[in-house]
Amino acid sequence: MTNKNLIAGATGDWEIVLGLEVHAQVSSQAKLFSGAATEFGAEPNTQVSLVDAAMPGMLPVINQKCVEQAVRTGLGLKAQINNYSVFDRKNYFYPDLPQGYQISQFQQPIVGEGTIDIDLDGGDVKTVRIERLHLEQDAGKSLHDQHPSMSFVDLNRSGVALMEIVSYPDMRSAAEAQAYVKKLRAILRYLGTCDGNMEQGSLRADVNVSVRRPGDPLGTRCEIKNVNSIRFIGQAIEHEARRQIDIIEDGGTIAQETRLFDPKNGETRSMRSKEEAHDYRYFPDPDLLPLSFSQEFVDTIAASLPELPDDKKARFIADYGLSPYDASVLVSEGENADFFEAAAAGRDAKATANMVIGSVFAGLNKAGLSISQSPVSADQVGQLVDLQSNDTVSSRIAKEVFELMFEQGPDQGKDPAVIVEEKGLKQVTDTGAIEAAVDEVIQANPDKVEQARERPKMAGWFVGQVMQATGGKANPQAVNKLVMQKLGLEE
Amino acid sequence: MSKLTDLNLAQARDGLRDKQFSARELTQAHIERVAAADKLNAYVLQTPEKALEMADASDAKIAQGEARPLEGIPLGIKDLFCTKGVRTTACSNILAEFTPPYESTVTGNLWADGAVMLGKLNNDEFAMGSSNETSRFGAVINPWRGADQKPLVPGGSSGGSSSAVAARLGIAATATDTGGSIRQPAAFTGTVGLKPTYGRCSRWGVVAFASSLDQAGPITQTVRDAAIMLGSMASYDAKDSTSVNLPVPNYEAALTGDIKGLRVGIPAEYRVDNMPSEIEALWQQGIDWLTQAGAEIVDISLPHTKYALPAYYIIAPAEASSNLARYDGVRYGMRVAGKDIDDMYASTRAAGFGDEVIRRIMIGTYALSAGYYDAYYVKALQVRRLIAEDFTKAYEKCDVVLTPTTPSSAFAIGEKSDDPLEMYLNDVFTVTGNLAGLPGISVPAGVDAKGLPLGLQLIGKTFGEEDLLRVAGVLETAAQFTARADDWWSAE
Chain A
1 MTNKNLIAGA TGDWEIVLGL EVHAQVSSQA KLFSGAATEF GAEPNTQVSL VDAAMPGMLP
61 VINQKCVEQA VRTGLGLKAQ INNYSVFDRK NYFYPDLPQG YQISQFQQPI VGEGTIDIDL
121 DGGDVKTVRI ERLHLEQDAG KSLHDQHPSM SFVDLNRSGV ALMEIVSYPD MRSAAEAQAY
181 VKKLRAILRY LGTCDGNMEQ GSLRADVNVS VRRPGDPLGT RCEIKNVNSI RFIGQAIEHE
241 ARRQIDIIED GGTIAQETRL FDPKNGETRS MRSKEEAHDY RYFPDPDLLP LSFSQEFVDT
301 IAASLPELPD DKKARFIADY GLSPYDASVL VSEGENADFF EAAAAGRDAK ATANMVIGSV
361 FAGLNKAGLS ISQSPVSADQ VGQLVDLQSN DTVSSRIAKE VFELMFEQGP DQGKDPAVIV
421 EEKGLKQVTD TGAIEAAVDE VIQANPDKVE QARERPKMAG WFVGQVMQAT GGKANPQAVN
481 KLVMQKLGLE E
Chain B
1001 MSKLTDLNLA QARDGLRDKQ FSARELTQAH IERVAAADKL NAYVLQTPEK ALEMADASDA
1061 KIAQGEARPL EGIPLGIKDL FCTKGVRTTA CSNILAEFTP PYESTVTGNL WADGAVMLGK
1121 LNNDEFAMGS SNETSRFGAV INPWRGADQK PLVPGGSSGG SSSAVAARLG IAATATDTGG
1181 SIRQPAAFTG TVGLKPTYGR CSRWGVVAFA SSLDQAGPIT QTVRDAAIML GSMASYDAKD
1241 STSVNLPVPN YEAALTGDIK GLRVGIPAEY RVDNMPSEIE ALWQQGIDWL TQAGAEIVDI
1301 SLPHTKYALP AYYIIAPAEA SSNLARYDGV RYGMRVAGKD IDDMYASTRA AGFGDEVIRR
1361 IMIGTYALSA GYYDAYYVKA LQVRRLIAED FTKAYEKCDV VLTPTTPSSA FAIGEKSDDP
1421 LEMYLNDVFT VTGNLAGLPG ISVPAGVDAK GLPLGLQLIG KTFGEEDLLR VAGVLETAAQ
1481 FTARADDWWS AE
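Heads up: the protein sequence lines correspond to chains A and B, in order.
Our numbering numbers the first residue of the first sequence as 1 and each following residue consecutively.
Our numbering numbers the first residue of the second sequence as 1001 and each following residue consecutively.
This is chain B alone, in the form it adopts within the complex:
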């Protein structure tokens, strides 16, 4: 393994500044590693020429002593982010070879801070999935595997991002989280996944799944890397009406390691039925680590938690059914000819969307229909408000909430793909954060009996990313998670 691809973001940044290696060398090492990783299927488009061009520009900046925060750092970009002149498909056939003439605000922020694009990362089609098996480009494989060597899912929907970061196919990656799509894949791959507060990162130029829930964030190797990435990704954006106009703090500076007196809430309702004992044990381990670091543990109640998943699976599909109406074959992307306009719509959408996307469009359309709207959509919004109020009350007693990220470790490819409800249960600990708009982070905290990574989740207050990162940093230090997937997949 090439040494340069072992570096995390903070190390690579410091090495570049100290001129231990050039941005071109760093990028070249990653390009080669990506090219040898076809088995993982993490990248759906590689942009090596563009990457080297950007790396050369970064070397020039560094030479001039004008290095920006992410100067020369090679990143993978989830294919949900529109990238100017670079094909963007949301991993759906319906977008065909769509190449945006514009750059999303988040990726624009990254390039403005000197980052280098290695290519576009796989994801579940339109970010709908928890296993990255619904992509038009096929399933992504987790670089981790158990003793039986069965291929495992990397989580979803940001499975390309989590797989790539875990396999060092990029120093870090962008991702998006609508119901857990950053945190769950991070937990499945031993990486750090940070979903910021809703409104912290602009949604402009990110292909929409469920507008009131979608939020961009990073998947990284370390908590510090997540802090650095968020500092560049976050911004107020007048082009996104739900973007919040607050200054972006220096998140890295928040990593003091000092959480003395900080109150950590443990929600009783997250002790779900049939939770594997090793998850239970890991959670207790997390409580112990934080106690040892001087935090105060507080029992809290989030009484409406059990309604979160059903509410989420009404609201997200409802919004999606409308958001995806624009993919109609008229202006861009795929078109299948029909005998009239309605036939063209139906044929195009039937051919262009995969089963899971169609399922959610159907659910969402149903939930918004006359006669069902009040019973489903309005009721789900009421639940959503109650869940947000649960957190508001809980945060009178605590500063962050600690939970497991997922109810299990990574499962095998195909294991749950025939059972949507079983698949949806993956989001049980993460959807509440989206419904309440709160920031959440998954930190790798241990491995299960199969040797697969498990994550602990911290949920913060609205715009409480600094506290969140500080506690995450303490967990990370305590957990000493150093296990790595081996390079079984490498063609090198």
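Excised from the complex, chain A in its bound form:
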């Protein structure tokens, strides 16, 4: 079997091995161990409790909501839920880390092994194993660009709950890593446990990259910290893998280190070597009791899980007869899938899927709108599919009608039937009228008729001319049939 993921070096093929540590901000009103708010974009240092600022004598108290969210996520990743876990302190000094330690989970995380099925090009599916998920505090933010000689610190993020989701090194290409992040993001959003907003830093990834000859043991890895977009993840991996291959092929060895990705030049650069790595001196946080909860607690959360992307995709394929590709496009966002299902209710699902993907998503994408901001409602899309199915309009006219609806803006004014009526876009199915149009084109172009008899493909040109002449309203099948007849090209 050939491996399409291998990349060529000067001395032969190489395989990239990738493992990801994704930091996902828990959707919750309050921080992991304090009551301060977590809203994005607030004025610096306005969402900071005494605990977050590590004032003397302040103590952390676990936020139950964050525990629920972690368990919920674990269930969504089909993972082992640990009813007993321990919070540890990870000790290091940094100005945006007020306590001098981050409360995290080291040896006993809240969630153990699970899996994510990632969707690859061509409808292929690959299973990536999850090693663990643990809860931890985010740090604050150091601002280095506010003053010529000083750095400022914003503690709004200090103490915000993160889930660190660690994969096994199961991915073999940048595309797989990107598909992994996309899928993980979709699952988190379905579950409502993380908003997945990478621009705001709600989701960011540390990417572990190594290369090896196919079949060899794992190579030395470098960790690229805090990559905050799916595109950058791809760029960082491509660059880092190439860098490592070049070093090895030049007779060098890879030094294990932490690297940073610079989006400006698309390169990674060294942040600190293994020798400079911190000794974090993890130990159980004596301010917190071990985290334990009952199986009933887990069962209650399990009972409230929504249908997740994989299940939805399977259902769309089975119940609607959609292709795996269309199904995975539709389920990538829960709201998109809901929109489709609302539009497809009681009508041709495939045609609906085509219109939702081809017109709705494309239109929204172009306009930079989200599905909830769509100027065309699911119901209107459904009505339009009906008009197409019952031959009131051709697919081409349907597209035009959609664009008209889209342009009318967010008031979702006129239904498609009204637009068709007003603009006189109703499909001409009257054979007599079409026949007249066909005759006219044939008479006007005797040379083309001659050519068409020798090259039957030319028939398409006549169909096009007739459609143009009828303003696109003629039924294309009827036109086609008549053109073939009149040109004597009947099969």
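Watch out, some of these pointers could steer you wrong.
[Claimed, not checked] Label pairs and their in silico Cβ distance ranges: (1) A:F152 to B:P1101: 18 to 24 Å; (2) B:T1099 to A:A277: 34 to 40 Å; (3) B:T1099 to A:D262: 28 to 34 Å; (4) A:Y84 to B:K1050: 54 to 60 Å.
[What the hints assert, rightly or not] Covered by chain B, according to a simulated footprint, are these stretches of chain A (three or more residues, beta-carbon under 8 Å): (5) 94-108; (6) 431-440.
If you're looking for bench data, these hints aren't it; they were derived computationally from the structure.
Here a beta-carbon is modelled for each residue, glycine too, at the ideal position from N, C-alpha and C.
We have chain A; now place chain B onto it with these hints.
Using the frame of chain A, we list chain B on its own:
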């Protein structure tokens, strides 16, 4: 000596209720006595205006017939407790003039019960010490002294609290105990020191030393006073995850004096090498008193006792090394400028922390380091569990344990300050209670040949404070400890 400053808490409370004197008079008497006691260095901050304001509020309450449990009782507060709007330093330079915008739960409970704050009491820096010689404000002096009149330590880390209560510079005081820091100073000063069960008093707002060991408690003149104080200090606090949600009993009501049939365990392993004969004799005296009161004496074994001190001096510094990381010069307290951030940290912490604190941060950092963690920290936790199991087994045979509080009476200032290991031995009888999370109390039981006070310690079951106080009350009655330090230090 002013009569009002001779009163213990129960007497002062009753006198206030009977309107024999006002809270203002009581407070004023203490303010004056504190102001004349600079030689003891017990207070690091006096708050007379605040005290009188609080006393006036108490007089109003009393006038309305709404006196609360500690109405009008003037107290000293260990400087480890954060007090809203009142400088709190843990007696460390690193906190500079830090003034908390919040009140610790324990002191908040005291004020809610009507108590009056006289000021903040000295302690060993970050509560690290057994002699109160490591404070940024200098050593505290024990009001007791021997015939040679050498200044003695008041014990530590709550040396300001013990010295103040012994010298009547407050009716009672708050204190904290991580390895013996309430009980040892109480023993050195002829006062009562009660360390409650871990989780009984909230740690919220108390500057942390070693989180899994720290516990607040009172130093008082009598066992009854300790019971009254604990009743107000104790509470369940949702802001402290290690606080235990149990109702607070009426501890004073537990002082029935009846211990007939109660089983008192005597641990063989506490007969340490070189124990002074007068300590040995005092211990036997305690056994005899309790026997005469109808208790049953039971020989017990706490086999892992000898590992307690080494385990404690791993666990406490390990936690401290992390707890004290927040004092970094970034947000509050002292900052010494540096050429970069690492230099600023290093300069600030080198200047802000004293030698003993630095020593413990170094020990703790080492014990938690990669490659040493299992050999030190994990092993110490195993020892800790074994020590707790020792007590669990012992309590199948007995209800309380009786031991000496300390291996000696108060020593001279400077006598042990150059030898940390010698200093650490002071905690040998008390650390087990912290490691096992058990309540313990030191009761003044006699004086040694130098005329210095000695204490006996009782260790109770988890949340067994009522039994503990009852037995302590019996010991106190039997001991008839009436000796008092004279007022040699007074500028009055």
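Now for the hints, and whether the structure bears them out:
Distance hint for A:F152 and B:P1101: a CB-CB separation of about 21 Å, consistent with the stated range 18 to 24 Å. Restraint check, B:T1099 to A:A277: a C-beta distance of roughly 39 Å satisfies the suggested window 34 to 40 Å. Taken as a hint, the range 28 to 34 Å is violated for the pair B:T1099 and A:D262, whose Cβ atoms sit roughly 44 Å apart. Distance hint check for A:Y84 and B:K1050: the Cβ-Cβ separation is about 47 Å, which falls outside the suggested range of 54 to 60 Å.
Requiring three or more residues with a Cβ within less than 8 Å of a Cβ of chain B, the coverage given for the region 94-108 of chain A holds, as 5 such residues are present. Counting residues of the region 431-440 of chain A whose CB lies closer than 8 Å to any CB of chain B gives 0, which falls below the minimum of 3, so the coverage claim is violated.
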